[in-house]
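*Asks:* Given chain A's structure and the hints, the job is docking chain B onto it.
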Amino acid sequence: MRFYGCAACHEISGLEEEQRIGTELTKEGSKPIERLDFALLGHKAEAEGWYTHKGFFEHKLENPAVYDQGKEKAKQDRLKMPNFNLSKPEIDAVTTFLEGSVDATVPPRYFYQPADQRQDIIDGWWVVRKYNCMGCHRVHVGQTTTFDTLARYQDPDWKDQKPPTLIGEGGRVNPDWLMRFLGNPSLSETDTNRDGVRQYLKVRMPTFSFSNGELRKLVRFFAALSSQAEPFIQTKTDPLSDEERTMARQLFSSEGAPCLKCHMTGDPKHDAKATAPNFTVAKDRLQPGWTKRWILDPATMSPGTAMPSGLFRHDESRWVFAGPVPASFNGYQKDHADLLVRYMFQFTPEELNRLRASAGSGAGR
Amino acid sequence: MKKIWIGVSLACALTLAGCGGGENKEAPKAAEGTPAAGGAAMPDEANGATVTGKVVLDGAKPVMKALDMSATPFCERAHQGSAAKSEEVVVNSNGTLKNAFVWIKSGLPDKQWAVPTTAVTLDQNGCQYKPHVIGVMAGQQIDIKNSDPTNHNIHPQPQTNQEWNESQPPGSADKMQTFGRQEVMIPVKCNIHPWMRSYIGVVAHPFFAVTGDDGSFTIKGLPPGTYTIEAWHEKYGTSDQTITVAPKESKTQDFSFKG
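Here the protein sequences line up with chains A and B, keeping their order. Under our numbering, think of the first position of the first sequence as 3, with each following residue one higher. Under our numbering, think of the first position of the second sequence as 1046, with each following residue one higher.
Treat the hints with care, as some may be off.
[Claimed, not checked] Covered stretches of chain B, as calculated for chain A (at least 3 residues, CB under 8 Å):
1) 1206-1213
2) 1230-1240
3) 1264-1275
Hints listed in this document are in silico derivations from the structure and should not be mistaken for laboratory results. From the three backbone atoms N, C-alpha and C, an ideal C-beta is built for every residue, glycine too.
Isolated chain A, as found in the complex (with noise of 0.2 Å):
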């Protein structure tokens, strides 16, 4: 079974680890013509005009035995490979083949084959290109997309239409539910005709059936570009106390703050007129590192977002929420934005209704 090589082709449970027994032909057309063996006709090669890689391979496709004549070889030395009887186009096409699967003509150093996260980078960029993500998205600094052709789009009421910017989107989204979202952005099996994340964008981003590959491809790309730690291990949040919690339900609901007149909660009658995704399910889909970035000052992280800056203000080492904050806050020294961070990283169905019911369904605004 080895000499013939039959596990080659053939599936034999347990000589699953058996080899190929021909000749590697990977880089056949780069072998020095010393090195191709002619045997006894080598002479008559040289005389008739094919003493080449081509005239070795055309002679040898139309009988492989062709080299071994005149000789007299033992039973183990005989040739293996069998006589397919190819036609002349096919020993053309073979020929070709072979003549083209050559060495690079450029000295190893000149390649960029980077063992590390360059790697994913490259590997992404041709994803990202077939899909023409870009068509859509922003993927990297100082690009244009289709949307800033589109005069309806230019528009003050469409500019927040537009699909969001995936520069930093590595360090903005948790990699596994990156991979869930794009493996299916309605993020559900029965209302399908909605975009998962942002319900009130009136286009959705299309379900491309991405193989498993270049889901992987895909999310491998964005964790590099933004230089994120592998494997990814979500950062815990400090565990809040029930004061804090009933400290930052309050702020959430709080006249003074303007979170829930514009972001969903999950209820549908809020949810109608909301135009933000949903920060109760944030710590599924963020990273609570930039989601503390990105409530503090949004627009250096994306311009022109539909978020306003200026929500927190830093008062010696800590950020302070700018607006009148409940009563409940006096006397509390921490931090006021990575209170807000860590009360939606512990988010749960409980604190949900809690939240509605604080906030007073629909109303609140």
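*Replies:* Below, chain B without anything else, positioned relative to chain A:
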């Protein structure tokens, strides 16, 4: 170690020298303007020309729909009795258009014009921007007030100036902002209250005006010459005319938009 300290103190000394030099240079520059112009110019009211006119709507007065402010109870209550109407087209009783922006588009001599030190106010009152259209010079302060007991955010969306979006909680201090480049016009919106809209015209010179309740505008102190004067309206677009003025001349230039 000693070398490092010498290097650090040398760097500090140079930085401080740079600071002092810069300040000295900036103070006279602000007062004089660019050396080429020989000083920041002011409109010459005594010897300059005056252009007045009206912006007329040629056609039937369109019916403006009421703004749906139900999303914010306070805003709805503020307009109880008479629901606020869209300010896209405001036609005065004499058939002229309010909130049209008239400005000298081209033809002015190449000068630096003095920027007024007073600010122009943009107030958020009753969940609407008051006034609906303002004109400022590039570099002039805009005083943004929130007179409502509800949150607002101011989000101008310019093309050539820097875009910004700032939250203004109720009872907070006024925001003072400027735009550095000429841009006619910059739409301003509030992300929380999508019906709110206003426009800011930023001009590099002081020869502009916004039509009021009588639909008229006046531009004074214009140096003699030939100019392109433009009237801009939110819905009806722009209309350009050419005028030539002599010193101390009073010229009338009307604009008409087809409704």
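*Asks:* Which of the listed hints are not met by the structure?
*Replies:* Number 3 only.
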